[in-house]
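Mind docking chain B on chain A? Use the hints.
Those protein sequences? They're chains A and B, same order as listed. According to the UniProt record's numbering, numbering within the first sequence proceeds without interruption in unit steps and concludes at 204. According to the UniProt record's numbering, numbering within the second sequence proceeds without interruption in unit steps and concludes at 204.
Mixed in with the good hints there might be a few duds.
[To be verified] Restricting the straight-line Cα-Cα distance to at most 25 Å, the calculated cross-link-like pairs of lysine-lysine (DSS-like) are:
1. B:Lys-204 to B:Lys-156
2. A:Lys-61 to B:Lys-33
3. B:Lys-153 to A:Lys-204
4. A:Lys-118 to B:Lys-61
5. B:Lys-33 to B:Lys-19
6. A:Lys-204 to B:Lys-156
7. A:Lys-118 to A:Lys-61
8. A:Lys-153 to B:Lys-156
[To be verified] Covered by chain B, per the in silico footprint, the following chain A stretches (three or more residues, Cβ under 8 Å):
9. 101-107
10. 158-169
Hint data in this document are derived by calculation from the structure and do not stem from the laboratory. Quick reminder that beta carbons are idealized off the backbone N, C-alpha and C, glycines included.
There are 2 protein chains.
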Amino acid sequence: MKTLPKRRRRTKGSTVETKQRIVDAALAIAAAKGFEQATTAEIAQQAGVAEGSIYNYFRTKDDLLIHMVGQYASSFLRQLEDEVGEEQDALKKLERLISFHIRFFTQEGNIFQVIYGKTPGTRVRMARIIRVAIVPYVSILEGIIGEGIRQGKIRKLNPQVAASFLLGGMQLALLRRFFDLADYSPDDAIEHIREVYLHGLAAK
Amino acid sequence: MKTLPKRRRRTKGSTVETKQRIVDAALAIAAAKGFEQATTAEIAQQAGVAEGSIYNYFRTKDDLLIHMVGQYASSFLRQLEDEVGEEQDALKKLERLISFHIRFFTQEGNIFQVIYGKTPGTRVRMARIIRVAIVPYVSILEGIIGEGIRQGKIRKLNPQVAASFLLGGMQLALLRRFFDLADYSPDDAIEHIREVYLHGLAAK
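Isolated chain A, as found in the complex (with noise of 0.2 Å):
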């Protein structure tokens, strides 16, 4: 490998840090406004940059967003190695990277706010959309756990926590098969959830 000469690395160096540093700005300031409010003016400010430097650094706004969505994923990703490498059993292992999961995106600075912002004004849109699509789905999914759970059908579970569940993990199934990232049928969707969730809730 070729060294550079002393001149062009250090040039090279604070590169980096400057890239960081608008990195930084910019998950600090998703992180209080939401994602969609963040802007490149205030981003190149708190990053102590001309505004249109960004751009030298990133070909768009969103280029920038997802190489700060990408580096806060990594993060978490180094960080669930270190909690479940060591483990053997995979079953322990998805146990403990069930607690780390919930417990990484209840912190502050978790993803949530990141999307959509600390403060409440911002996170008006998807709070409205969560109360017209999902809010009633979950009822009526947690109705039918709770009269499983009345037959005794189903195991004494949360319903809040089981019905949610379902319904993000379908979502998340389709989403993949949406943006062509799995190769299962919806007809392999609907045995292989049936037979984890249903066998999951089926009272002992």
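Frame of chain A, contents of chain B only:
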């Protein structure tokens, strides 16, 4: 209940029709281009009304979108009710619900098309976010599930489906808490997700 004079009733009737025409136009445009890309100018043109008159029916573009999502959700829930309503056994109800849900959202005009659009160009950002944030994580989950199948601890399931299901399920359980739409604690979420998922996954 007082009846309205005839003239007023007719006006009210066409008001409802116009409002519905606007919602239908918004839905069609969002399904083709995606939610964010649907402009009021286009919606007005497709609905055959003046752009300004949209604001006689909806305070903001967001109001229109929320109304559209609400109608879409109601229609889904009516059909779901028809599908599972007569079933008495709660587990069988959920079994039917899972098929119905997956099939409904795999059809033409499903909510993913409404949110992200049918045309490849407009869903690029979400696809990139999924690629940097979700794909590496589900790959790890798939690896663990595959390991467990080889260890004989996990039943023979499609690891892609099982991994997507876990990730989506955890995220919605968290999202609902983030928007104050549930009263379970993070510890409750961990406990009940583990109980459903790990029990559902465990080899017989």
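Taking the hints in turn, this is what the structure says about them:
This hinted pair checks out: Lys-204 of chain B and Lys-156 of chain B have alpha carbons roughly 10 Å apart, not beyond 25 Å. Distance check on the hinted pair: Lys-61 of chain A and Lys-33 of chain B sit about 20 Å apart at the alpha-carbon level, within 25 Å; holds. Simply put, Lys-153 of chain B and Lys-204 of chain A have alpha-carbon atoms about 18 Å apart, close enough for the 25 Å limit, and the pair holds. Between the alpha carbons of Lys-118 of chain A and Lys-61 of chain B the distance comes to roughly 23 Å, so the proposed pair stays at or under 25 Å and holds.
Taking the CA atoms of Lys-33 of chain B and Lys-19 of chain B, the gap is near 21 Å; set against the 25 Å cutoff, the hint holds. As the CA atoms of Lys-204 of chain A and Lys-156 of chain B are separated by approximately 20 Å, the hinted pair is consistent with the 25 Å bound. Distance hint between Lys-118 of chain A and Lys-61 of chain A is fulfilled; the C-alpha atoms sit about 21 Å from each other, no more than 25 Å. Using a Cα cut-off of 25 Å, the hinted pair Lys-153 of chain A and Lys-156 of chain B holds, with the two alpha carbons roughly 24 Å apart.
Beta-carbon proximity to chain B at under 8 Å applies to 5 residues in the stretch 101-107 of chain A; the threshold of 3 is reached and the given coverage holds. Closer than 8 Å: that is the beta-carbon criterion, and the stretch 158-169 of chain A has 10 residues meeting it against chain B, so the requirement of 3 holds.
Taken one by one, the earlier hints all hold for this structure without exception.
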